[in-house]
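Peer 1: Residue numbers (the working numbering), protein chains in the order written: chain A, 1 to 286; chain B, 1 to 248.
Hints are computed from structural coordinates only; laboratory data are not their basis. Model, not experiment: these values are computed from the prediction. Take these hints with a grain of salt, some might be off.
Claimed, not checked - In silico DSSO-like cross-links for lysine-lysine, where the CA-CA straight-line distance does not exceed 27 Å:
1) B:126 x B:74
2) A:262 x B:174
3) A:75 x A:65
4) A:65 x B:74
5) B:241 x B:217
6) A:127 x A:75
7) B:174 x A:127
8) B:105 x B:74
9) A:65 x A:12
10) B:217 x A:262
11) A:75 x B:105
12) B:73 x B:126
13) A:8 x B:73
14) A:60 x B:105
15) A:262 x A:169
16) A:198 x A:169
17) A:12 x A:198
18) A:198 x B:217
19) A:75 x B:174
20) A:127 x A:60
21) A:198 x B:174
Said to hold, decoys possible - Just the calculated beta-carbon pair ranges, DEER-fashion:
22) A:91 x B:76: 41 to 51 Å
23) B:242 x A:91: 45 to 55 Å
24) B:78 x A:69: 27 to 37 Å
25) A:10 x B:26: 52 to 62 Å
For every residue, glycine included, the Cβ atom is placed at its ideal position computed from N, Cα and C.
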Amino acid sequence: MGLSLGEKNYIKGGIADDLRCDGRRRLDYRSIAIDTGVIPQANGSARVRMGSTDVIASVKAELGKPSSYRHDCGKVSIFVDCSPTAAPMFEGRGGDELSTELSVALERCLLGGKSGSGAGIDLSSLKIVEGKMCWDLYIDGLVISSDGNLLDALGIAIKAALSNTGIPKVEAMPGTSAEEEPEIDISDDEFTRLDSSKVPIIVTLTKVGRHYVVDATIEEESQMSSAVSMSVNRQGDVCGLTKRGGAGLDPSIIIDMVSVAKHLSQQLIATVDSEIYAAEARESSA
Amino acid sequence: MASKSGTISTYSPLFSRKNPNFTNGVRSDGRHFHECRLAFLRTGAVNAASGSAYAEFGNTKVIVSVFGPRESKKAMMYSDTGRLNCSVSFTTFSTPIRGQGSEHKEFSSMLHKALEGAIMLETFPKTTVDVFALVLESGGSELPVIISCASLALADAGIAMFDLVTSVSVSCFKDDLVIDPVFEEESCQDGSLMIVCMPLRNEVTQLTVTGEWSTPKVHEAMDLCLGACSKLGDIMRLCLKEAASTLQ
């Protein structure tokens, strides 16, 4: 980010005085616009815009085989792609590093622990025939335009896309012997909705100078010393946490950040829920 | 031949997800919940490197070598601070199922993020320091061991750092917190928390949490990890001192 010394000081000074360049206070979000069902070929999709940050998430469900150690559950994987339309440096393999970082952070924040606790998606609801067949959910995020706070935007887009997702109803004829593959019949017009109410929301606190801000723009992110991203669910429990930026933080500041993020997440969940509801209403009436 | 009539078939080994049975607060390897594995640390494991270290925490065995600071690749642009390049790989025989043995991208970037805040990069402009970590045997909590071992190797190489970097993780099983989990415990944990910190400066350079955690539990786990980190820091310092005294 090519910023002059004056611009840098202006950004830092504004954050210290609780008045940022776009008129927001430190803990204010930009307005969030959500559209659902933007990709007809996917099982569920959503587009989220926060300021000039623009991301799309799509959910595709494919039939797969459960993994050997969790034979009664489906699988979910998250991939993020940074399009060169967002920034020239994402061309070729340039976006790989950011893509991997975002994918790993999203998986950590949304998919819960190894045993499945804290997971946003109930994996056992993806089971078709135990040990034989399940749904594999492929969640793909695409960054179209980047103006900071990509992780939070992608988190919201994935939540919206999941609530928009319909999984086809499947009739499974049990195979005659244990080794035989079960026969299945996939319905074309009957869908079950995925329960997305447990999907946590991600709140990133970006530390600039001595203070931290939410929903940082790309200019603000270029001045950050470190950022802590937390996913918080409806109950106010932390479901995942990652830290970016090399600078160290005092443990007491982290504890403070956790409680601030917890507080903010409850307002954000309410906003996002009503936006998703409005988007779905628009989609069904259109 | 044992049987001529029956067909001979092979089985793939079964890796079942047993719940670890904690009887009276004692874990499968005899440790208590808040007890770390025995650690063995040694610097100077590789002759060709500017600095290297070997760490053994229970069955987790890691070797880290540090090269540099040396001239950055020609393709790199000029930089007035030094560059840090980290790579973590697993040997093909490190896991129960034979692995790929290739670079572990996620761990490499985590190692980079964990170390960059501790190294005084401005002391070696225009140059690169390479940190290569190899996991010889994976017995759980690899990443914390890699990070601690890498900072020991950096110190051995004489790279200026603000403080040694130490890392410890805890696993959560319902209400119990189990420090420094082994492979079996990690594969069925409800959640995990890993802290990377500089103990003397009381600064956390990295923190990751997975699974569902209430706020008081996060506090408890953080306190537990920070305590263990500072103890580990003392052990690492002792190891460096020993290495220095044998040199004289």
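Peer 1: Now tell me, hint by hint, if it's right for this structure.
Peer 2: Cross-check of the supplied hints:
Restraint check for residue 126 of chain B and residue 74 of chain B: the C-alpha separation of about 10 Å stays at or below 27 Å, so the hint holds. For the given pair, residue 262 of chain A sits about 21 Å from residue 174 of chain B by alpha-carbon distance, which is consistent with the 27 Å threshold. Of the supplied pair hints, the one linking residue 75 of chain A and residue 65 of chain A holds, its CA atoms being roughly 9 Å apart against a limit of 27 Å. Taking the CA atoms of residue 65 of chain A and residue 74 of chain B, the gap is near 47 Å; set against the 27 Å cutoff, the hint is violated.
At most 27 Å may separate the alpha-carbon atoms for a hinted pair to count; residue 241 of chain B and residue 217 of chain B exceed this at roughly 36 Å. For the suggested pair residue 127 of chain A and residue 75 of chain A, the alpha carbons sit about 9 Å apart, so the restraint of at most 27 Å is met. Straight-line distance between C-alpha atoms of residue 174 of chain B and residue 127 of chain A comes to about 25 Å, which keeps the hinted pair within the 27 Å bound. For the given pair, residue 105 of chain B sits about 23 Å from residue 74 of chain B by alpha-carbon distance, which is consistent with the 27 Å threshold.
Simply put, residue 65 of chain A and residue 12 of chain A have alpha-carbon atoms about 52 Å apart, too far for the 27 Å limit, and the pair is violated. The straight-line distance between the Cα atoms of residue 217 of chain B and residue 262 of chain A is roughly 14 Å, inside the 27 Å bound, and the hint therefore holds. Straight-line distance between C-alpha atoms of residue 75 of chain A and residue 105 of chain B comes to about 21 Å, which keeps the hinted pair within the 27 Å bound. Annotation: proposed proximity of residue 73 of chain B to residue 126 of chain B holds, straight-line Cα distance about 10 Å (limit 27 Å).
Taking the CA atoms of residue 8 of chain A and residue 73 of chain B, the gap is about 30 Å. The hint is violated against a cut of 27 Å. Taking the CA atoms of residue 60 of chain A and residue 105 of chain B, the gap is about 25 Å. The hint holds against a cut of 27 Å. The hinted pair formed by residue 262 of chain A and residue 169 of chain A fails the criterion: a straight-line CA distance of about 37 Å is larger than 27 Å. In summary, the hint linking residue 198 of chain A to residue 169 of chain A is supported, as the alpha carbons are separated by about 22 Å, within the 27 Å threshold.
Taking the CA atoms of residue 12 of chain A and residue 198 of chain A, the gap is about 36 Å. The hint is violated against a cut of 27 Å. For the hint pairing residue 198 of chain A with residue 217 of chain B, the CA-to-CA distance comes to about 20 Å; that is within 27 Å, so the pair holds. Taking the CA atoms of residue 75 of chain A and residue 174 of chain B, the gap is near 23 Å; set against the 27 Å cutoff, the hint holds. A threshold of 27 Å between alpha carbons decides the hint, and for residue 127 of chain A with residue 60 of chain A the separation of about 16 Å falls inside it, so the pair holds.
Proposed proximity of residue 198 of chain A and residue 174 of chain B is supported: the alpha carbons are some 19 Å apart, at most 27 Å. Taking the beta carbon of each, residue 91 of chain A and residue 76 of chain B are about 18 Å apart, not inside 41 to 51 Å as hinted. Restraint check, residue 242 of chain B to residue 91 of chain A: a C-beta distance of roughly 50 Å satisfies the suggested window 45 to 55 Å. Between residue 78 of chain B and residue 69 of chain A the C-beta distance comes to about 50 Å, which lies outside the given range of 27 to 37 Å.
Checked against the given bound of 52 to 62 Å, the beta carbons of residue 10 of chain A and residue 26 of chain B, roughly 59 Å apart, stay inside it.
In summary, the structure is inconsistent with hints 4, 5, 9, 13, 15, 17, 22, 24 from the numbered list given earlier, while agreeing with the others.
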